[in-house]
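**Student:** Chain residues, written in single-letter form:
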Amino acid sequence: MNITTNKIIKPALKCFIIVLLGNALLLAGCKKFLDQKPQQSLFVPTNLDDLQQLLNNARYAINTAGVGSLAEMIADNYYVISSDWQTWLQAYPAMALNYNWDQTALPYSETWTAAYQGPIYYSNIVLDQLPKITIKAGEESKRDVIKGSSLFYRAFSYLGLAQIYCKPYSSANAGSPGLILKNTASVTEKVTRATVQQTYDRIIIDLKDAAALLPNTVIYPTRPTKTAAYAALARTYLFMRDYANAAQYANLALQQKNDLLDYNSLFPIGNPPINTISNPELVFLDWAYDVIFSLEGYHNIDSTLYQSYNGNDLRKTVFYAFGVAPDSTAYSFMGSYNGSYFRSSIFTGLATDELYLTRAECSARAGNKDSAMADLNKLMQKRWTNTVPYIPFIATDPNDALTKVLIERRKELVFRGLRWPDIRRLNLEGANITLTKVINGTTYTLLPNNLRSVLLLPLQEITIAGVEQNPR
Amino acid sequence: MQSKALCCAPVRENRRFFPRQMLIMAKLTAFFLLVATFSVSARSFSQSVTLHVRDVSLEKVFFEIEKQTGYNFVYNNRVLASAKPVTIAVNEAAVDEVLKLVLKDQPFNYQVKDKTIVISPRNAAVPNVDAPPLNIDAHGRVTNEKGDPVAGVTVTLKGSKKMTATDENGEFTLKGINENGVLVFTSVNMETLEVKVNGRNDFVVALKTKTTALEDVAVTVNTGYQKVSKERFVGSFAQLDSTDFHRRVGMGIIERLDGTVPGVVFDKKGFNFPIQIRGINTLGIQNTNTSPLFIIDNFVVQDSRDLLNLNPNDVESVTVLKDAAALSIWGARGGNGVIVVTTKRGKYNQRFHLSVSSNVTVEEKPDLYYVPLISTSDYIDYEQYLFGKGIFRGFLSNLNRPLVSPVVEILSRQSAGLISSAEATAKINALRNKDIRKDLDRYFYRQGIRQQHYVGFDGGNNILSYQFSLGYNHSLNNIQGTKPDDVYTLATNASFRPIKNLEISAGINYSLGIQKSYTLNLQGLYPYLSLVDSLGNPAAIPYTYRQGYIDTVGGGQLLDWHYRPLDEARLADINNTTQSVRLNFGVNYKFTNWLRADIRYQLSNIIFTSRNYKSLSTFETRDLINAFTNLSQTAPYLRYPVPVGGIMDASSSLAKSQNIRGSLQFDRTWPGYHQLTVMAGGELSDTKGGFSEGQRIYGYDDSKGTLRNTMDFNNPYPKFYAVYPGRTGYILSNTSYKLGDVFRIVSAFANASYAYKNRYNLYASARRDGTNVFGVETNNKWKPIWSIGAAWEISKEAFYHLDWLPYAKLRLSHGYTGNVNNTLPGQFVLSNLPYVDQLSNLPYSIPGLAPNANLRWESDRIENIGLDFQLLKRRLSGSFEVFVKHSDDVISRAPMPPSSGVNVFTLNYANLKTNGYEITLNSINLNKGLIQWTTNFSLSHAKTILTKFYGGNAYNKASQFISYGLNPTEGQMPFVIAGYRWAGLDSLNGDPMGYLNGQVSKNYTNIANDTSKNQTVFGSALPLYTGFIRNTITWKGFSLSFNITGRFGYYYREPSLAIDFVAFGSPRTLYTTDFYSRWQKPGDEARTNVPSLSYPGPGSSRSGRTSFYQFAEIHIKRADNIKLQDIRFSYQWNNKRVKLPVHSIQVYVYPNNLNLILWSKEKLKYDPDFTGGGDATSIVKPVKTWTMGVTINF
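Protein sequences appear in the order of chains Y and D.
For the first sequence, my numbering assigns the number 11 to the initial residue and increments by one for each residue that follows.
For the second sequence, my numbering assigns the number 5 to the initial residue and increments by one for each residue that follows.
No wet-lab data here; the hints were simulated from the structure.
Do not rely on the hints blindly, as some may be mistaken.
As the list claims (entries may be wrong) - Just the calculated beta-carbon pair ranges, DEER-fashion: (1) Y:Tyr319 to D:Asn276: 53 to 59 Å; (2) Y:Asp154 to D:Asn276: 44 to 50 Å; (3) D:Asp555 to Y:Thr452: 54 to 60 Å; (4) D:Glu368 to Y:Gly280: 54 to 60 Å; (5) Y:Asn396 to D:Pro838: 46 to 52 Å; (6) Y:Asn396 to D:Ser534: 55 to 61 Å; (7) Y:Gly451 to D:Lys1017: 49 to 55 Å; (8) D:Thr548 to Y:Thr114: 35 to 41 Å; (9) Y:Gly451 to D:Asn276: 46 to 52 Å; (10) Y:Tyr319 to D:Asp705: 36 to 42 Å; (11) D:Gln484 to Y:Gly451: 49 to 55 Å; (12) D:Glu697 to Y:Asn459: 56 to 62 Å; (13) D:Thr548 to Y:Asp138: 28 to 34 Å; (14) Y:Asn320 to D:Ser534: 54 to 60 Å.
Keep in mind the model is a prediction, meaning the values are calculated, not measured.
The C-beta atom is built at its ideal place from N, Cα and C for all residues, glycine as well.
Please build the complete structure, drawing on both the sequences and the hints.
**Tutor:** Take a look at the structure:
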């Protein structure tokens, strides 16, 4: 108490006397009195812990990079009933009209904003501040982890955004407008849109740098590991349809971590069915926290999708529940890898099941049907009920293997934000997936590679930053 | 007011009661007893005296004789100092006889003339008129008829150029005067008086207030730094003096300025510019202060509770400072104007004065019929229609189990075959003649009652002045069954002059507020609900949960899950205590007559503790326990994660502020020509606010003090009433701890005032402030602020001969003031959050505001010209002022693209310009015999234009200009209001239509996003002109006054019906009678503007349709109005004859907040000053109050 009193009184008295004596000496004398910070919670970051503390903001900023909920809304895993859509239209017109790819839909800004103001901004702050911080001896590895994490978070966000706001990667689209690549935290920096090629280049460079800096294991699943960087690279190359590199990084990741969760162990079905932290498949925890996707609210599972699961496929029971969807005939999705955390969001992070499917797909594409089937069976065995003997998937040729892998990919990676990039990617290869939605009896259609499969940037980016808008 | 003849040559000081040694307040007790004794023995006057005293002072004997006989003694204090104690015993003796006896052994002579007894020294030489006059120094004090000191009185030695003026204590010194001379006392407001010196050097002079002068002419202006006589003040101000301030009654202090002072506009719609002095000076961005700076006596109010807790009865006057010359002394914080509250003080040499007052205010019940609603039966019909259309199907099947109305519940049971159609109809028909408003009126609301009681006394002698008061306020709000709020206040201050040139003053203001009231807004429920059941017991109403669900859930194993509003009010057990202490200490030392040093210190401390006990009977507690009850568990901690018991929310907070100010004051008069006043000093202020801690205790039993301390806040527990069986949630720990914010300011200031020949006044002021802005270099924390001003009393010039204008004074000022915001960071900062991340359980931070190292304070430049005048033999006085104000570097927010990482960037960008004028007139219309009629009139104009705004208006959408509030765009008024252009209703389906690109359109979204220029921009939503006229008529002791206010030149949006179906999802919708006039068939568009409502179809889906209609131009009306605001009727009885200790008694009635619209430019449905939103739910009816009270002065 005495110490604090002295801290105030001494400079105060000194300052008071100086002020009384006249203005001439004012500035120097009152410096100490006026250097008191106005808000006790504010501080200028001076050490690595301060920066780590910023990156700890997992729930509200860093680990919500996934743009998955918007990607799910425009994809075909679920639908909303007409009356709910009407409600959307009243409350969130931009969201409602993007749902059915309306030509006149205004940009839905929340997703873009959350990524740029969350992980990208935070990571850039940390990357800006790191060189200004004096690193004590022995802190080098801590610094590397912080730097690697920041690079990872930023790249992972760019990867998600590129699936929504840029054309899918191809040699033809390489020069088309990509993302705004923010490489500093300066808010007044003049920005432009990079190309698609530059966007993916940046993602790969950052992820590779991150992989070199990140540790093999972490205490918190919200923090990235080397495995996570490899898994993100595998996903990136897959989206770029660079299947050789995708296979290589999926392989690197699986060398580090190849555990799978036996769905038989989930019975009797708990609530939630899958626990997040104890899930052995978890590589990196990220979720789409957005007003769009509310599990309690609106979604109804497409019946074709639900019917596509075999009766012995445990995913049919673990993932879906009846009697809770607004459409009384439809099922709801229950099996998020987010588990008990934030049920109103979906898991958009990285897990080993995706890695197995990626490696299997790449093997099939490379003509190696047996390794493709080996990976697929390793996964599917954990998904099949143990009350009947497991009958392995067999492929007649690489093409058959690819078809089988893609079918299971569709059924395994539901509500991961991955269906939408897969549709775009596969449509470039002639899959010819046409999407439809029915509202009040009217059917709305999105043809493959349509301009409307690249969403509009928020208006403020156009009006204030002056960047190029996506064409309609 | 007091017509008692004034003694023109009072030679005696008013210090009868005070032996010189009696200096400390403690002895006041004895003094009261003495007063009481004398009072009891008081009889009517007689010519005889009965006296039995031993060894008492001569003074006391004189006093006793005076009391018994009505004779007045006249004597010089110094003469009486040589008196010996007196012992005397007489019964019914003649005055003359008694005097002889008393003065027998005393060195005095006496002389009786009329009823005055003059005591003179026995050996005093008879003045020799031929002897050469001696030069003596005269000291004295000038008072008014009430005994209060009068400052600014000119004292001249007749026939010479020697002159001086009285100071704020009414005291003067005039050196080297002729002992046979005559002193002339002159003042604008007082009658001139001549007093012969007669060799005396100690004067007490009572002047009579000029009957033609108006009583409310301010004599001094308190700037919070200085008290300046009005004659010498060059700045612009407005004042509620004691009479005007206490004319209004009630709890509020600042509210009394509403409609009573020129240049001040109150925004009653609750936007964050509540009090505007001469327009808008800031945009209030990022918590930049929008409110005027409040001062109590000398120091800035750092915590608004200091002002809230001040007893209005302790207030002497309120002054509003308006121009640069008045404001610049407050430096970087005066930009929004300054309001100085001056509290009552004891005065030296003033008789003891005791005042007791009491009043009761009745606040009317809420008027539930102010908004015309459709009948219950029609509401039910419409619900049935919608049910038939299937609109509730989604609600009823939704596993969220959203709340549905009782009628829908009945219909759904019918359609499910659970009840017969006849049964359903009977049940529904039983509801048709209900009206929830009847129940609310009868069982829920009541009249609010507030009582105010006050006792205070003050007085003083030569060396001590004191003031002491106690206040007690007791309020009952307008909800039946809730507990009262009490406020106790104590105020005391004393000044003490132990040696000649030293004055020490100290004061304590203490208040204790205990809030126990509970407020609950129940308006807007389903119209057919009942608040009591058939037995008269509190009834449950649908609330939060679907009734059918909570009736059956848990199979009777849960606590009752119903919500009964009448119970909630009764069960509320809130105890919020605010203790506020303000301590003042000051030392003033006079080195010479013209140089003084002054140091003042103030400590203000506020402790707030809150205790909110929610017993097991309250809905909140039952709800929480039920939600977490796990019936499949048997272990009590698992079955009831929230224990079955009460919940206690306890919190406390602390705010502390310290100020110290030192100054040197030079004040010298060279009689006749020059007068120079210079003040220079410095001030330091350190405020810590907002420290708080809070805790929630579960399983608490208030009668035993027991609690459960093994709560698990870290793990999720399954919850009842969830969409998915067993959905989990966390139990709220509600423990909080927040460090306070620190605001520091260092200031150096100086001002100088020079007067020449009492007619030319020059004033200059400068100040520099420094604050602890975060991360900004100290050099940039300082800002110099200055002003200059001049005043010229033209009517004093020799060449001035306008008899019709006997007084004219011209004032000019120019200068700066500022507005500071120290919460904006100049460098990159992080902000710690007081929580942990939910996933990792680690503490985390967020980035602070985007830093801007170039942030400066907002700067206000003000030019002011004023003319003060008196006309018609001084029966009409007034002033006229014109001003221009430039607010530059106003803190703005630039919208940023999301990719920047932030939404906004804070910078000094905007400029505002305000023009305006103020006219004030005070007149005595009639002053004949017993009748007096006076009028006070004022008209003010202030118009602010945003001259520069970030991005101009390039990005401004029409939808941003439709709400009441700050709608900034370049070239417009900040509170501009616009409406969508209206093209009528679509003749096919009754859709509202507007314009887009010049074409009739129903693309509501695009219309909302269109620029406001293509829609209709009306004008200001704030009155540009405000005024009042107050008439006071007195006859004998009766007085009637009423205040009529006018607000002109503005617009308001009349709320209208939200005509869509989203409203039916949420039940608390007001269906106004507009519903009846809605479009129903083609052709209706000719008679109505209310759009159609049908399902499916128009009104059921189109996004933006409702808001387009509600914010269309058809609802915007001119709000100009004239209102009767209040009436005060009082009777005052002045004690002139009866020998009672009572001086006066006043009784009054005071209806206030009448808001009776006498005239309006357009027909108004609702009061435009209280209502301004779009939706009917925003309609507020102002609440009238009725006060009765009595004030007794002893």
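**Student:** Hints first: check each against the structure and report whether it holds.
**Tutor:** Verification of the supplied hints:
1. Y:Tyr319 to D:Asn276: 53 to 59 Å: holds (56 Å)
2. Y:Asp154 to D:Asn276: 44 to 50 Å: holds (48 Å)
3. D:Asp555 to Y:Thr452: 54 to 60 Å: Violated - the Cβ-Cβ distance for Asp555 (chain D) and Thr452 (chain Y), about 40 Å, lies outside 54 to 60 Å.
4. D:Glu368 to Y:Gly280: 54 to 60 Å: Holds - the Cβ-Cβ distance for Glu368 (chain D) and Gly280 (chain Y), about 58 Å, lies within 54 to 60 Å.
5. Y:Asn396 to D:Pro838: 46 to 52 Å: Holds, since Asn396 (chain Y) and Pro838 (chain D) (Cβ atoms, about 48 Å apart) stay within the stated range.
6. Y:Asn396 to D:Ser534: 55 to 61 Å: holds (60 Å)
7. Y:Gly451 to D:Lys1017: 49 to 55 Å: violated (40 Å)
8. D:Thr548 to Y:Thr114: 35 to 41 Å: holds (38 Å)
9. Y:Gly451 to D:Asn276: 46 to 52 Å: holds (48 Å)
10. Y:Tyr319 to D:Asp705: 36 to 42 Å: The hinted range 36 to 42 Å is violated for Tyr319 (chain Y) and Asp705 (chain D), with Cβ atoms some 54 Å apart.
11. D:Gln484 to Y:Gly451: 49 to 55 Å: At 53 Å between Cβs, range holds.
12. D:Glu697 to Y:Asn459: 56 to 62 Å: Holds, at about 60 Å.
13. D:Thr548 to Y:Asp138: 28 to 34 Å: Check failed, 47 Å falls outside 28 to 34 Å.
14. Y:Asn320 to D:Ser534: 54 to 60 Å: holds (57 Å)
This entry does not satisfy hints 3, 7, 10, 13, going by the numbered hints stated previously.
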